[in-house]
Amino acid sequence: MEMISDNILTLVVPVESKLRDEIRQKTDSYFVTNVTIPPVSYDKLAGFADHLIAENGWDPDYKAFTMICCGNAIWRSVVGAIPFDRRMLLLPQCLRNSQKCNAQEDDLGLLCNECGNCSISGFIREAEDLGYITIVAEGTTIASRLVESGKVDAIIGVGCMETLQKIFRTVNKYSVPAVGIPLLTCGCVDTQADAGWIRKEINFRNDRNGFRLLNLNDLRDKTASLFTQEKINKLLDLKNNPTDEVLRDILLAGGKRIRPLLTALTYLAFSHDPDTEVLQYLAMSVECFHKASLVHDDIEDGDDHRYGKETVHKKHGIPVAINLGDLLIGEGYRLVSECSLDPVVMKDCIRIISAGHRLMSEGQGAELMARRNNDILSVNEVLAIFRSKTAEAFRVSLMTGALAGGADQESLRILEEFSYIIGTAYQLKDDLEDITRPEEGNVLRNPSAVISALAEKTGETGKEIIKSLVSENDIDEIRKLIDKHSIDDFIDSLIEEYLVSIDSCLSGMQNIPLKLALHEIVGKTFSKYL
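Numbering (the working numbering) for the sequence shown: 1 to 530.
Calculated directly from the structure, the hints in this document are not laboratory data.
No residue lacks a Cβ here, since even glycine has one placed at the ideal position from N, Cα and C.
Be aware that a few hints might be false.
In the BS3-like style, the derived pairs of lysine-lysine whose C-alpha atoms are separated by at most 27 Å in a straight line are [what the hints assert, rightly or not]: (1) 347 with 314; (2) 234 with 222; (3) 524 with 256; (4) 239 with 18; (5) 166 with 239; (6) 309 with 429; (7) 484 with 256; (8) 26 with 166; (9) 256 with 231; (10) 231 with 166; (11) 222 with 18; (12) 231 with 315; (13) 200 with 222; (14) 463 with 524; (15) 234 with 347; (16) 309 with 239; (17) 44 with 528; (18) 200 with 26.
Pairwise CB distance ranges (calculated) [unchecked claim]: (19) 43 with 368: 21 to 29 Å; (20) 108 with 318: 51 to 59 Å; (21) 497 with 12: 44 to 52 Å.
Required output: the full structure, derived from the provided sequences and hints.
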């Protein structure tokens, strides 16, 4: 995912309506023949605008305006496929008549009295009659909050060029479909807008796309609803014996449920006729595999607590914990084998899962051997472990759902590449947070990308000191060295490198709902970096 450039543009709108219409029409025509699947980065929009300006002889000062028109042309068909009641119309307060307006304001913005002294009331009435959420506010704070909360799936935004540029940063981060309409006049009072253009965008519908966007908040709720006592008992056929009771507790325990969410996401994205039972079995399966790995990892790492509670081996003993981890693995494979899938598809799913188990075990083995030998691995060696463990877990989750849903080979290739990028970036972020967040009882982990980067920065002499500090769990001294050598900046730069490559990785994804959902996941997971 590309970082948004901070290039300084001339933020002006063509004065003549004829020229504005020409730029809009020729831009729309360009993307009819040069189909571009959103989202598109700021830099790519700039490239499209440069091409169109050169081809048509427009004034380069209109580059920002042309970029907005490019973004609109690319996103419009997606926005048009979204129900009106999942769209938001964002209007600026400066459209009101400053001399005659007596509207009040609240935390969300202007409360229009519909006095008719400006154009705002007409736009609001037209949009709300269709089902829109409407907000009249200065700035982008409220819109950003609604976007981040998942309460809207698309934005029609009216504002000055500067505001639209800021909105782009938010909608680009979360891949929210949006159309922007710039004000015709500058200033923060009594501004004017192109009423015809606004009404055209408000009313635009596109029922020909044949797709429905995947709402991550809804899907997250649907996935979480699987992990109730009733559902777990049913899917795993659990009884009331002691082993089943502990197994149930393991699956009911906390966690973000990221893996079953990813499996459900890719299954629904590719399946033309989703089977609820298949979705439930696959989602529960990957969570069983995940919880099994945690039970076994906690034993190997000597961890006494997880999710704020005693770990399984701490509470029930190591033999019981090993057995329960094995049982969870068996249940995971059983759930996949009992899905109503084509035998060839089922074989492919099991192939992906079993290969993942092997690779994750190899990665865990490398980690355990390094710890046993008190070795500090190189950064590249640690990244290889991340690829074998965290990234592989992402791959299994995404690929299992995609295979079950009938994904094409190119989409599978893209998902595989995406898994390795986001999985590695995710673990880098996790490693950095584990050491730098100010929490009591933090334990230094090795291997760790942060520890390895610090060792490489300080040389052989420093490496021996770091080994000693790690063995003594002297996290305060390690933090001082991290600050001294700017290791957090180094790790951040690595994460940013991975995130930049996501944009090119997903550029070939033809499944628009999945592409947008994956970009949204990246935006929410790595918000700090985008």
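For this session: Quickly compare the C-alpha distance for residue 26 and residue 166 to 27 Å and report which way the hint goes.
Result: holds (25 Å)
Problem set entry | Restraint status (C-alpha distance of residue 231 to residue 166 at most 27 Å) | violated (44 Å)
Exercise. Hey, residue 234 versus residue 347, does the alpha-carbon distance stay inside 27 Å?
Worked result: holds (25 Å)
Exercise. Is the straight-line distance between the alpha-carbon of residue 239 and that of residue 18 27 Å or less?
Worked result: violated (74 Å)
For this session: Starting from residue 484, check that the Cα of residue 256 is at most 27 Å away, please.
Result: violated (34 Å)
Exercise. Does the hinted range 21 to 29 Å hold for residue 43 and residue 368 at CB?
Worked result: violated (43 Å)
Exercise. Holds or violated: residue 524 with residue 256, Cα cutoff 27 Å?
Worked result: Distance of about 13 Å is within 27 Å: holds.
Exercise. Does residue 524 lie within 27 Å of residue 463 when you go C-alpha to C-alpha?
Worked result: violated (35 Å)
Exercise. Would the pair residue 222 and residue 18 pass a check requiring their Cα atoms to be no farther apart than 27 Å?
Worked result: violated (50 Å)
Exercise. Given the proposed pairing of residue 166 with residue 239, does the C-alpha separation stay at or below 27 Å?
Worked result: With a Cα-Cα distance of about 55 Å, the restraint between residue 166 and residue 239 is violated, given a limit of 27 Å.
Exercise. Given the hinted pair residue 347 and residue 314, is their alpha-carbon gap at most 27 Å?
Worked result: violated (37 Å)
Problem set entry | 27 Å limit on alpha-carbon distance, applied to hinted pair residue 200 and residue 222 | violated (35 Å)
When each numbered hint is compared with the structure, violations occur for hints 1, 4, 5, 7, 10, 11, 13, 14, 19, 21.
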